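Residue numbers (our numbering), protein chains in the order written: chain A, 1 to 134; chain B, 135 to 632.
These are computed hints drawn from the structure, not numbers from a lab. Treat the numbers as computed from the prediction; the structure is a model and nothing was measured. One thing to keep in mind: the hints can contain errors.
[To be verified] As a list, the in silico SDA-like pairs of lysine to any residue whose alpha-carbon atoms are at most 20 Å apart:
1) K237(B) <-> P422(B)
2) K188(B) <-> L122(A)
3) K188(B) <-> T119(A)
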Amino acid sequence: MLFIVIGALALIYARHYTIGTVTRMGPGYFPSVLAIALLLFGGIAVVQSLFQVAPAPLPRPNLRPLLAVTLGIIGFGVLVDTRGLLLAVVMLVVCVCHARLRSRPLEVAAIAISLAAITGFLFTRVLILPLRLI
Amino acid sequence: MPFLDNLALGFSVALTPANFLYCLAGATIGTLVGVLPGFGPVITIAMLLPLTFKLPAIASLIMLAGIYYGAHHAGSTTAIMLNMPGEPTSVVICLDGHPMARKGRAGPALSISAISSFFAGCVGVAVIAGFGPVLADAALAFETPEYACTIVLALVVAAALSGTSLVLTLGMAVLGLLLGTIGADVNSGSSRFTFGFIELSDHINLVAVAVALFAVSEIVSRMDRAEERHEAVTVRGLLPTASDLRASWRPIVRGTGLGGLLGILPGTGPLIASFASYAMERRMSRSPERFGEGAIEGVAGPEAANNAAAITHFIPMLALGIPSGAAMALMLGALLIQGITPGPQVMVEHPDLFWGVIASMWIGNAMLLILNLPLVGIWIRLLSVPYRLLYPVILVFCCIGVYSVNNSSFDVMLTAAFGVAGALFKYLDLAPSPAILGLVLGPVLEENLRRALMLSRGNLSIFVTRPISLALLILAAILVVVLSMPAWRPRKSSLAPH
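Just chain A, with the same shape it has in the complex:
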């Protein structure tokens, strides 16, 4: 399980090595030290895991919630600039509640609309943030 960490670390390390060779306190010095430290910890972790009794394999993750939430947030980010806050909120709620869209469409719609209304009022009228409503 730790190999993923190592993979990520190695990638980060390789990425900045080009700017990191400046030794005399250039901008790359500190990151290089950190990257080496990170590689070191990753290495120790892997070595440790080799000596351990094989741990129980991790359960297979259920990726659906992650996918739904991530899509929802990306959707919010895209819509909030182009189509306004209200639509972005509705979009986010629909994504997060996708599992119940079929079984309880009314509930999801109620959450989406009421949340859009409340946040729209709160953020643009009470707190006066520069947000587009529509």
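For this one, chain A is given, so just place chain B on it according to the hints.
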């Protein structure tokens, strides 16, 4: 007396109607999230951080502080009533608080926990008021090498306490430091790791990362699980008996002292304080076998320790500008955005801020006593709100919050990306708090490190020849050794309720 003058100034700031209301709001919100398991002060502060930008600095810190100690106060309510810790720090309260409740003594357990929280909170505030200025004076002797060493100490200890494997949590701290280097370099101005995004040149958005690593990953992992139902115990009679009070005043005082001390040390904090106090009470008790069966000492001591530590936890942040936990790191971020650099100068330049916040803590603790005891039924009923209604609300607030920091949809995308990373970390059981701490402290550490090395012309021995910095490094080493010993680790698996 300057001390009394300062306190008078503090109360005059904290008692203005607006600040009083923010204190009440903070304490109420804190109680709310403290009751809900899984949603702690860190998530809430991250979520509300953008809203505080519009407020004056004092009001926002008063509110955020209220959320923080309110959550620590309230976490034990659900631990006692439902055997379900609202916060990780109240895991120990379950051990004896819930058995008490099952024996029909929920009322005394709740009131003892509220009384000990209140007492510990008041003492903790007094410690800040008395000790903060002293520490700030001492901190004036701090130069760049000392600051660098204190930051290392805070990171190492936070890492040692927050996970199962020290190597992995240290790795997370370093990862956070690396993320902190994203953006324009302090000295040369050249951009690093921006991967061509101009949005990244002004450093990575702390709110986006914090919301993603804490809130988004928590929601994703909870959506997977079925909702748990808990049977509530009914409360009959709130007041503790005289023998309850006799049995608990010593643990309360001991817990307060222990917690107050552990809270000041960078990196430790409420979690370790409550576990340590429980262990201490059990060892000191003449009848240790009662522990786990509803011993009132097992509620009073840890509860006091937890709250004393939660309050004195502010000292390193306010006096040195070095936060000792994820929640403190976010509050530091809030202050920085307001244009205030916490540190020894804060007390001189912004006495109204420092003393106002301290006075508000006293007021807030009194409010919490009222919020927690008579209103306990409301908070318990709140738990019947299904989580499926809460997820969308929390996510929507998080997204709007992240967006409104810079009015940038790029930050929202960043949240999505770090949300995936956070889910991965959670899946691999890697603790995110060292990473957040590293992210906040990274630029400060780099600057101090580079200045220190410039002073010494690149000679690393500057860190071990100066007495204070040497002492800090030795302290870090000792704490790591002690805290990584199995007896001190908060063993969630063995202590958690079945």
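Checked hints:
A distance of roughly 19 Å separates the Cα atoms of K237(B) and P422(B); the hinted pair therefore holds under the 20 Å criterion. For the given pair, K188(B) sits about 13 Å from L122(A) by alpha-carbon distance, which is consistent with the 20 Å threshold. Between K188(B) and T119(A) the CA atoms are separated by roughly 16 Å; this keeps the pair inside 20 Å, and the hint holds.
The earlier numbered hints are all upheld by this structure, with none contradicted.
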